[in-house]
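Asker: Line by line, the protein sequences are chains A and B.
Residue numbers for the first sequence follow the working numbering, beginning at 4 and rising by one.
Residue numbers for the second sequence follow the working numbering, beginning at 8 and rising by one.
Source of the hints: derived by calculation from the structure; they are not laboratory data.
Quantities reported herein were computed from a predicted structural model and do not represent experimental measurements.
Careful, some of the hints might be misleading.
Said to hold, decoys possible - Result set (SDA-like, lysine to any residue): computed pairs, CA atoms no more than 20 Å apart in a straight line:
hint	chain 1	residue 1	chain 2	residue 2
1	A	16	A	26
2	A	16	B	302
3	A	16	B	548
4	A	16	B	738
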Amino acid sequence: MTVPDRRDGNTTKLGGIPVVDRPLGAGFGWLLGAGLAAALVFWLWYGIATPPGSVERYFAERAAALDDGAMVSEEMLRELAGDRFAVQSGEEAYERSCESCHGPAGEGGDVGPNLRSTEWITESSPVEIYTTIVEGRNEDGMPPWGSLGPATCMNITAYLLTIREERDEGEASR
Amino acid sequence: MNSAPLVYTDRVARRFAAAALVWGALGMAAGLFVAVQLLAPNAQLSPELSFARLRPLHIHLAVFAFAANVVFAGVYFASQRLLATSLPWPRLGAAHFWGWQAIVALGAIALVLGRGGGAGDALLAWPIELALALVWLSFAANFFAMVRRRGRARLYVSVWFFIAGIVGVAGVKLAGLLAVPVGAMDSYPVFGGASSAVVDAWRERGLDSFLLTAPLLGLMYFVVPQAAARPLFSHRLAILHFWSFVLVAGWAAPERLLNAPVPDWLKTLGIAVALLVWIPAAAAVASGFGTMRGAGSRLLGDPVLQFWAAALVCLGLAALEAVLLGFGGLSLVTGYTDWMHGRSHLGSLGFTGFSAAALLYWLVPRACGTGLHSPAAARAHLYLAVVGLTLYVGATWLAGASQGAMLASQDAAGGLRYELSETIEALRLPYLVRVTGGGLYVLGFVILIWNLARTLWCGASGERDTEIDPADAGDTREAGLRELLLSPPVLAAAVVVALFALAERADPLGALASAFLAACVVTAVFLAAARAPGEAGFHARLEGHAPALTVLVAVAALGGGIVQTAAVSAAPPEPPEAQAPYTPLELAGRDVYRGEGCASCHTQNVRPTLAEVARYGSPTLAVDPDERPALWGTRRVGPDLARVGARHDLAALHAHVADAQPTTGAPMPSYRHLEDRAADLAALPRKLRALAALGAPYDRDDVQAAEEAALREGEEIAAELESARGASVDTDSEMVALLAYLRRLGRSQATEDGREPLPAGEDGKDGEDGEGARAGQVPGSADGDQPPDGYDGGDLGDEP
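Given only the sequences and the hints, what does the whole structure look like? Please build it.
Answerer: And the structure:
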């Protein structure tokens, strides 16, 4: 085994295999250091709280979507509750999808709770009601209904706002 | 010190190489078969050959039958030469050979019979795992005896990698054994919930690193300089490569948990380590190509070097991809899709497969004392393999990225643009390309088998004496342990670790940060301490002290997994509501789910993104620590099942399990045969007792009444199926047990004391309401009375 040039440094045999000592060079060292530093900085400062896929990030995204109107807002749902056509369409959707659990007029059934006078419905904000329809209440066995599409879910929310007993201010009656 | 001449015992290596050829063919055939099944779901010759069972079998054969046998052949062959000693115990080597083949065969049979552990790395039943660990120790014994009797003072970089592989796999396999047996074939892991996912991820990552990668990297350092007739490019680069590889391999498991409901700090750690994956990969590529550089015409003509060059390209690509996915956002799109198959096969078919081929083409002729039968055929193999792999990986990446993007696509109002069934339709072309690519790769492998079988048959098999160059032996004096431990690098590292541990001892996050930082510092110090290979620097002394080197490798390779598991176990994420424990029948059904390998196609984890929540319901925040093991899965061929019980009633669940494809077009085979199989209800008291011992809230009465309770619940379910579907199903069948488990998913509300099972009366509710509209989200889901609009699947409610 010949060593081609001086830059290759010394050759030693280890395990019967010739090995060259070759310095890695300053460029490689800087690259390595920068890589380590980037990972550490990322870890220590940037990402601890909310890496992609964290639940907090999801809640933030959801809040942002609400703000953008990509989802829904309180005002728009309240407004919708005053829209006769929206409420009517919501009622139809309710009859298709909700009635079997919550009763024909929201009075509750064997499975679903009352949607007219229970504390939950009267105390919840429109967005909370909407979110519950879309996402379901897993712990209570209520399935998510987001697949109906946001418009339908909004209309159902509007309908529910009109049938609950203690109405929030500024809400149109049915 | 040995005196020349030495006799190298290559009989064991030859046998392992031959076994690798046979098993490799079987493993790849299984892989090809499951790829075809994705196109034609009912292309199973019998229920034992379903996709869900064959996919773990494919992993098992590829990893433990093919790759492991190649590694054994290479390590037995190379270690004798690198350490200038003969195999200490050839009989133990033979026992290792036969023991390993028996374990591989038994494991394959167990998986086909549905006795898998449900984990991603094809974990086997505990007696087989135990035997596997023992056989692995016999391998370790032979290897470390060679190290002990070596005729050369300093260990070459290949040997470091062998040590890392042996220690790492031993750790991984021991972690898999931390389980409580509940019978001849069943067990429950000691770790549950998030901890079990961390352990699983660490085991998978560990197998990848320490079995499929480390020994082959060591063999690259052994073969490439000889094949290229060039000295190793740089000793310092090899040092950097080795230590960064071991540390990243030991710490990077959370990189696989970016999609899972584990604590955020663990995901962040995974991302941080993923951002470092390029370091060992770049060092490997530089080492390999640097050594080949100047080999000139050899590189063009020699299949060994060409295969190794291709393997290194795949290694580099895989690392770049890991960094890319490490940024996190992308893995939310590609996670659970075919992309992950492209990723794993870039590593397994690409790096492991190509370097295994290179090694076999180099080793088999030399172990037989002959030449390769046909170098031209080997070159043909190379071209087929490269084209096949490119098609395979390209198609799977494309399929995964497009399906992921379709699933995540929402309109301005937050509605989902695509049903799962529509995205699956779009996968047919990529799947065809994938089968084609895989077929080409397998064809190439068949050429390798033919070529090497001819070489093995034609070659003389007599052992030959080999002279060893006495000048080559060097000084065999081992450096003193004290001399090593009191050396500046170790002291510096110890001080750093101690300082950080003291400063952050109250805070697991800080402790982890410091451990990671310390690991980086240690690497840097090692690197700084590396001198010219001829000089007596710290690392040179370490290379002469095998026990110290082994201990350091063990700490680096296993420390990360232990620290991470301990930190998650100490403060596991709490599920939002207390969970009622599984009823005995649900538990039996869960074991059917595990054994059948349902997790091959279904996840149980709704990830926290807007699109996913719109599709599957509220996000999975944490799973119960009593989930043993967590069945999160890694892949969605079908829908997520975390909430399936809340969405569908028994009749719909039964319709889907029994006849998904003909009625709904879902790419799922029929599981009607589960109706004819009796569930193992007699084992339930044992299972409950084991789970109670691990902390699940079952009391003595629950255990005693387990079998009756299961039969009672089975009767209810059978009666309900009878009335809803007119189906008569045995009350103790696996079908009933599985349905009990499925209807529980997503409805696991706790009652007041958190211990009562779900009241039976609740079952009926899903049948009465109109949840069918939800079915539009799930291809092949079928439900009650109302066919959802725009849903192309059949409606099972109309079935007679």
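Asker: None of the hints should be skipped; say for each whether it holds.
Answerer: Comparing the hints with the structure gives:
Distance restraint check for residue 16 of chain A and residue 26 of chain A: the Cα-Cα separation of roughly 17 Å lies within the 20 Å cut-off, and the hinted pair is therefore satisfied. Restraint check for residue 16 of chain A and residue 302 of chain B: the C-alpha separation of about 19 Å stays at or below 20 Å, so the hint holds. The straight-line distance between the Cα atoms of residue 16 of chain A and residue 548 of chain B is roughly 15 Å, inside the 20 Å bound, and the hint therefore holds. For a cut-off of 20 Å, the pair hint linking residue 16 of chain A to residue 738 of chain B is broken: about 72 Å separates their Cα positions.
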